[in-house]
Structure formats: structure tokens, C-alpha cells
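Asks: Here's the letter readout for the chains.
Number of protein chains: 2
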Amino acid sequence: MAEDDGLYAVTPRTKVKRSAARGKYDKETVHAILDEAFLCHVAYVNDGQPIIIPTAYCRIGEKVYLHGHISNRLLKSVQSGAPICMTVTLMDGLVLARSTFHHSMNYRSCVILGTGEAVTDLEEKRAVLEGIVEHIVPGRNAEARNPTEAELKATSVVALELSEVSAKVRTGPAIDDKPDMDSPIWAGVLPFDQVKGVGEPQPDPQLIAGVEVPQYVSKYCRPSSKEVF
Amino acid sequence: MAEDDGLYAVTPRTKVKRSAARGKYDKETVHAILDEAFLCHVAYVNDGQPIIIPTAYCRIGEKVYLHGHISNRLLKSVQSGAPICMTVTLMDGLVLARSTFHHSMNYRSCVILGTGEAVTDLEEKRAVLEGIVEHIVPGRNAEARNPTEAELKATSVVALELSEVSAKVRTGPAIDDKPDMDSPIWAGVLPFDQVKGVGEPQPDPQLIAGVEVPQYVSKYCRPSSKEVF
Chain A
4 MAEDDGLYAV TPRTKVKRSA ARGKYDKETV HAILDEAFLC HVAYVNDGQP IIIPTAYCRI
64 GEKVYLHGHI SNRLLKSVQS GAPICMTVTL MDGLVLARST FHHSMNYRSC VILGTGEAVT
124 DLEEKRAVLE GIVEHIVPGR NAEARNPTEA ELKATSVVAL ELSEVSAKVR TGPAIDDKPD
184 MDSPIWAGVL PFDQVKGVGE PQPDPQLIAG VEVPQYVSKY CRPSSKEVF
Chain B
4 MAEDDGLYAV TPRTKVKRSA ARGKYDKETV HAILDEAFLC HVAYVNDGQP IIIPTAYCRI
64 GEKVYLHGHI SNRLLKSVQS GAPICMTVTL MDGLVLARST FHHSMNYRSC VILGTGEAVT
124 DLEEKRAVLE GIVEHIVPGR NAEARNPTEA ELKATSVVAL ELSEVSAKVR TGPAIDDKPD
184 MDSPIWAGVL PFDQVKGVGE PQPDPQLIAG VEVPQYVSKY CRPSSKEVF
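Each protein sequence line maps, in turn, to chains A and B. Just so we're aligned, residue 4 is where the first sequence starts under the working numbering, counting upward by one. Just so we're aligned, residue 4 is where the second sequence starts under the working numbering, counting upward by one.
Think of the hints as simulated: they come from the structure by calculation, not from any bench. Beta carbons: idealized from backbone N, C-alpha and C, even for Gly. Keep in mind that the hints are not guaranteed to be accurate.
[As the list claims (entries may be wrong)] Covered stretches of chain A (in silico footprint by chain B; criterion: 3 or more residues with CB under 8 Å from a CB of chain B, positions within the stretch not fixed): (1) 8–14; (2) 53–63; (3) 88–94; (4) 111–117; (5) 174–188; (6) 215–225.
Whole structure, please, built from the sequences with the hints as guidance.
Replies: Below, the structure written as C-alpha cells:
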């Protein structure tokens with residue numbers, strides 16, 4: 004067995020082509036993304052039609068685990084050994100360039116290809132379900148009423164090995180064209196975080212003097228976010 | 004042509020099976036989800052393997068639009084007329100039940116099936132790209148340097164009609180089993196919002212008196228969220 008170099012083998016299917024420098028194949032980056040997020044999108048193919056479903060997950064070692072009710076179509080498909088894709092995305096910020104063309108986002112994403120494997124042993128199921136709760140709300144298992152055998156049997160658990168995996172990461176300020184650099188247009192990053200929400204705007208390091216943060220950035224909101232809580 | 008009843012036709016492929024009561028097929032719900040989020044996940048099938056890529060989008064009327072560099076593999080696939088799926092998910096809150104089995108999330112998601120169509124007319128492209136910027140950062144188009152013809156030509160724009168569409172929405176408190184209802188276990192919802200981040204915990208309306216919000220809820224964080232900004 005080859006020594007673990009901390010990297011996932013790059014395959015033609017996982018090699019990042021666009022902005023190849025943003026492609027990451029090291030376990031540290033992949034694990035950090037998987038451990039920070041808790042919602043993933045999983046796709047399976049039904050009669051040629053891809054279907055993407057959002058769901059919770061956790062990582063334990065070199066596997067990620069999905070769960071759901073035994074009647075869940077996604078899990079049935081995943082357990083059948085059909086090829087699936089699981090993508091995890093963390094949106095870290097809106098990148099406002101001087102030109103609309105160079106607007107971008109800072110993000111960390113991870114794409115996992117493979118086939119699922121049903122976890123049927125009740126004690127292994129129990130460990131995975133604890134893992135999912137602990138991943139999403141650390142500390143919760145110790146307090147909540149733990150699953151009964153009937154509940155374990157009513158739950159499907161599926162494992163997906165971290166083998167064909169790639170991450171893609173964009174960080175940093177906008178990359179504008181030279182002729183735009185001395186325009187009096189505000190440029191910078193508006194950071195996002197799952198827990199903290201939108202943060203303080205980060206002006207571009209090369210922003211020309213005297214350009215104020217526009218209100219549509221400093222008071223950023225979405226249609227309903229004013230009313231949520 | 005049939006009168007518009009504000010509903011998308013339910014097809015065997017879009018009918019929500021699990022928790023069917025959470026399935027929504029009305030334009031108002033679908034549009035609200037699409038207008039609140041700005042990041043979607045799009046899947047295409049390559050040689051039997053589904054691939055999910057996160058990307059930005061906007062809705063204009065009964066179409067959603069994707070864009071990217073002309074060399075972008077996802078867009079090439081979408082333009083080829085192959086079946087694709089676009090899913091938009093808003094995670095609105097963690098639902099902590101008294102039993103781990105009934106833990107859940109509040110969310111609003113929307114699944115769109117169909118085939119893409121390339122937008123090639125430069126003025127239509129310009130309108131869509133403005134639409135995407137305006138959707139994500141309202142007010143930005145008026146200030147940033149708008150696309151040149153060369154930039155428009157370097158950008159692929161693809162439309163996807165809102166025709167085979169379903170939404171799924173979960174709201175409200177945890178649904179625990181009767182025997183668990185008088186346990187002295189904190190239950191409630193920890194709300195999430197893209198802009199505001201994590202909000203104040205909302206105790207379950209039937210929580211028994213004297214149960215304090217646990218620290219793992221009131222001080223909720225993710226591994227790196229302390230260091231983001």
C-alpha cells in the first residue's frame with residue numbers, strides 16, 4: 004500500500020480545469036470544508052435525468068455519511084451502487100470588482116464522486132447518526148434522547164468513500180483589468196459566514212483614496228432577510 | 004393556452020414523495036426561493052456520472068439564467084441540451100427535537116429539471132448579466148464598469164425554463180413523539196439567515212418550564228467561524 008501523502012489522487016474526472024490554480028486535492032483542505040459545512044447537495048441519475056437533493060452529512064475519517072428515512076428515494080438510489088456526486092459549498096464572500104465582468108465570489112467547495120454503500124449494522128448506524136448530530140450540533144447527543152432500535156431500523160445510513168475528490172477555493176480581492184484600476188469605483192469583498200452572516204466590507208487593497216463604501220454594500224440585505232428574526 | 008393558475012404542473016419527476024405536505028408547486032413560493040438565494044447547484048451527467056457544480060444565477064420571469072466563461076464545462080454541457088437539474092436551498096434553521104431521531108432542519112428548497120438553451124444575442128446576454136449582478140448586489144450595475152462587447156463574447160449565458168419545478172419547505176418547531184414531550188430536554192429552533200447568520204434560539208412552544216437554552220445552542224459556532232471576521 005502506498006504511503007499516505009495527504010493527497011487524493013487526481014483523476015480526469017476530478018481535475019479542476021477552469022481556474023486550475025484554485026483546484027486543491029489535499030486531505031487537509033477537503034476535510035476542513037467538509038467539517039465546516041453540514042449541508043451538502045447529492046445528485047443521482049434517474050433515467051438519464053440528474054436529480055439534486057440537499058441533505059445533512061458528516062465525515063468520519065475517509066468516509067462521508069448520509070442518512071434519512073428508509074423510504075427516502077435519494078438514499079435508495081445511493082445504496083443501489085449507482086454513481087453519485089456529493090458537493091459541499093461554503094460561500095465566503097461576494098467579490099465586487101470595478102468591472103461587472105470580474106465580479107466573483109470567494110468560496111470553498113468540494114466535489115466527491117463515487118458510489119454509496121449501505122451501513123446496515125445497528126451499532127455502526129448508531130455511531131454514524133451520533134456523528135451526524137455531533138457534527139451539526141456538538142454537545143447535543145449527550146442531552147437528547149438517543150435512538151431506539153426501532154428508530155435505527157427506520158433510518159437508512161449510507162457511506163461514501165473519500166476517494167475521487169477535489170476541492171476548489173477562491174480567496175482574496177477582486178482581480179480587475181489594469182485600465183480599470185484607477186476608476187473611482189468601490190471594489191472589495193463583502194464577507195459571508197454561516198454563523199455570523201454578512202460581515203464588514205473589506206475594501207480592495209488598491210482602492211483609490213476617498214472612495215466610500217456604497218450603501219448597497221454597507222446595508223446589504225436579501226429580499227426577506229429583514230423579516231427573518 | 005391554459006389560463007395561468009399560478010401553479011407549475013406536477014409531474015411524476017417533480018412530485019415530492021417524502022413528507023408530501025412539504026411539497027409546493029406554486030409560482031409564488033418558487034419565485035420567492037429563487038429571488039432570496041443567489042447560489043444554486045447545477046448537475047449534469049457525464050458518461051453516467053452526475054457532476055454538481057455551485058454557481059450564481061438569476062431569475063427573469065419564468066426562466067433562470069446561468070453564466071460563465073465560454074470554456075466552462077458545466078455551461079457547455081447545459082447548452083448541449085442534455086438534461087440538467089438546478090437546486091436552490093435556503094437553510095433557515097436547525098430544529099432540535101427532544102429525541103435525536105426527530106432532529107431536522109427548516110429549509111426552503113427548489114428543484115428545477117429541464118434542458119438549457121444558449122443565449123447568444125449580445126443584447127440579451129447583456130440584459131441577463133445585468134440581471135445576475137442586480138440579483139446578487141442590487142444597485143451595483145449603475146456603478147461598476149459595464150461589459151464590453153469582447154467581455155460579452157467571452158461569456159456563455161444559458162437559460163433554463165421554469166416548467167418542471169417543485170419546492171419543498173419545512174417550517175416550525177420540532178415534532179417529537181408524545182412520550183418525549185415532558186422530558187426536561189431543551190427543544191427549539193436555531194434560526195439561520197444568509198445575511199444575519201445565526202439568530203436567537205426559539206424555544207419550543209411546548210418546552211417544559213425551567214429548561215435553559217444549552218450553551219451549545221446559545222453559543223453555536225462552526226469550526227472556523229470564530230476566525231472569519
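Asks: Each hint needs a verdict: does it hold in this structure or not?
Replies: Tested hints:
no. : hint    : verdict
1   : 8–14    : violated (count 0)
2   : 53–63   : holds (count 6)
3   : 88–94   : holds (count 5)
4   : 111–117 : holds (count 3)
5   : 174–188 : holds (count 3)
6   : 215–225 : holds (count 7)
Violated hints amount to a single one, hint 1; each of the other numbered hints is respected by the structure.
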